[in-house]
Amino acid sequence: MELPRRIYEEMLNHARACAPEESCGLVGGRAGRAERFFPTPNGAEDPLRRYDIPPVDLLRVTREIERGGMELTAIFHSHPATEAYPSATDIRLAYYPEAFYLILSLADPERPVLRAFRIADGRVDEQPIAIC
Amino acid sequence: MAVNVYIPTPFRRHTGGQSRVQVEAVTVGELLRSLAREYPDLAGRILDGQGGVQNYLNVFVNEEEIRSLAGLDTPLKAGDEVSLIPAMAGGGRRTERRAGRPPWLNIM
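As they're listed, the protein sequences go chains A and B. Residue numbering for the first sequence follows our numbering, starting at 1 and increasing by one per position. Residue numbering for the second sequence follows our numbering, starting at 133 and increasing by one per position.
Looking at chain B on its own, in the form it has when it is part of the complex (with noise of 0.2 Å):
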């Protein structure tokens, strides 16, 4: 049963520049397995040590991110869409400073 994957752009290097691809599988964790057997260079990026999904990384089945769903265990159907987006967060005050004068633009 293939799902529709969605590859954020950081891992398309790794996809051959493919921004979708197909996966057979039943649940999300053995999604995630067969894409990072098949891309080898992904595995790192969407799981950890143990086998679980890395922090940073949003599994989405359709709308709903599988962490309120029942994780690597969500079953897939086919016709589902699976998204995968990193997260993008930051804040806290700086500590590193470069030296020099950047280029940046003050805006009045």
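Looking at chain A on its own, in the form it has when it is part of the complex (with noise of 0.2 Å):
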């Protein structure tokens, strides 16, 4: 997926912010090309190992970006101590076989790594990050 830089660098602020709970948000896009980060709160009952969209954010997002023309290009979210991998949660939680899953690693703060996949049917697909 393509992602310009000023949106790589929303994501790993909000990452930064919330450490070290883990963050999460929504990216709007077309063609696999990211245009919007849209950070969201993380609602899980254990923020430090877990994120969970809340409901209300789910459907305010989804509503602003189909109303700017976009497609869910991407679901983000970070791993503050761990790589940036999906975690076997990360699998069995992702219903967006189209989207990307976004996952920013913090476990090294002066190198974060940021990783793209495709999650669908328990298949975990790591796709090319374009930053430009």
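No lab work stands behind these hints: they were computed from the structure. Computed from a predicted model, the values in this text were never measured in an experiment. Be careful, since some hints might not be right.
[Unchecked claim] Ranges between beta-carbon positions, derived for each pair:
#1 A/Glu9 to B/Asp180: 38 to 46 Å
#2 A/Arg63 to B/Gly181: 26 to 34 Å
#3 A/Ala88 to B/Pro207: 34 to 42 Å
[To be verified] Not the full set, but computed from the structure, chain B residues with beta-carbon under 7 Å of chain A:
#4 Ala134
#5 Thr141
#6 Pro142
#7 Glu197
#8 Ile217
#9 Met220
#10 Ala221
#11 Gly222
We treat Cβ as the ideally placed atom computed from N, Cα and C, and that holds for glycine.
Assembling the complex is the task here: the two chains are given apart, and the hints tell you how they should meet.
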């Protein structure tokens, strides 16, 4: 997927502001190119280990993406202390096979790592990211 | 009485690509059962084996999720918009590792 550097920096700022809790958000775009990042609260009961975008935010952002003529390009969350790879829970709860799942690791605070995946039927396929 | 239903992207392959459909129903339960009949591939994605809403699925009537209303008995009126939005959730430590070096991007 294509990710404008400005959006990457918005994700990084959101993840750092939420650490040590996991952060999350949605990305609207067109044809695999991200156009806008929508940071959301994390409604999980255990935000140190889980993310769960609150229903009210899912509805609000879904409508904003649609109003903007965009598609749901990606679902973003951060792993503050572990690597940027889908956990078993991430895989089990992945209901959007056509979206990219973006995971930003802050395990090494000086060297954040962002990776993109497609997750479908329990299978994880890493996808290249072009930051431009 | 027709109600507009927003279909999320992962369900559209089962509705012929439509992002909105109209359904005749007076309660949310009736609407979901009607959708399941019309689009059989959606049935297991919206209803569980006991006829309840799948845990992972959020069903909104206008701005409100039905778990904060009357669930499947939530009444509908003409012009209401029902939105189906699967959860976006996850987290936890990874337990699987793939062999080989993946094409990850390390950003300084």
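A quick look at each hint next to the structure:
For A/Glu9 and B/Asp180, the Cβ-Cβ distance of about 41 Å falls inside the hinted range of 38 to 46 Å, so the restraint holds. A hinted range of 26 to 34 Å holds for the C-beta pair A/Arg63 and B/Gly181, which are about 31 Å apart. Look at A/Ala88 against B/Pro207: about 40 Å separates their beta carbons, and that is inside 34 to 42 Å. Given the 7 Å rule on beta carbons, the hint for B/Ala134 is violated: about 20 Å separates it from the nearest Cβ of chain A.
Hint on B/Thr141 holds. Least Cβ distance to chain A is approximately 6 Å, under the 7 Å limit. At about 5 Å, the closest approach between the beta carbon of B/Pro142 and any beta carbon in chain A falls short of 7 Å, and the interface hint on this residue holds. Because the closest C-beta pair between B/Glu197 and chain A is about 5 Å apart, less than 7 Å, the hint holds. Contact between B/Ile217 and chain A, as hinted, is supported at the beta carbon level, the nearest pair being about 5 Å apart and thus within 7 Å.
The interface hint given for B/Met220 holds, since its Cβ lies 4 Å from the closest Cβ of chain A, which is under the 7 Å cut-off. Here the hint on B/Ala221 is kept, as its CB sits about 4 Å from the closest CB of chain A, short of 7 Å. Hint on B/Gly222 holds. Least Cβ distance to chain A is approximately 4 Å, under the 7 Å limit.
Figure legend: structure checked against the earlier numbered hints; the only hint not met is number 4.
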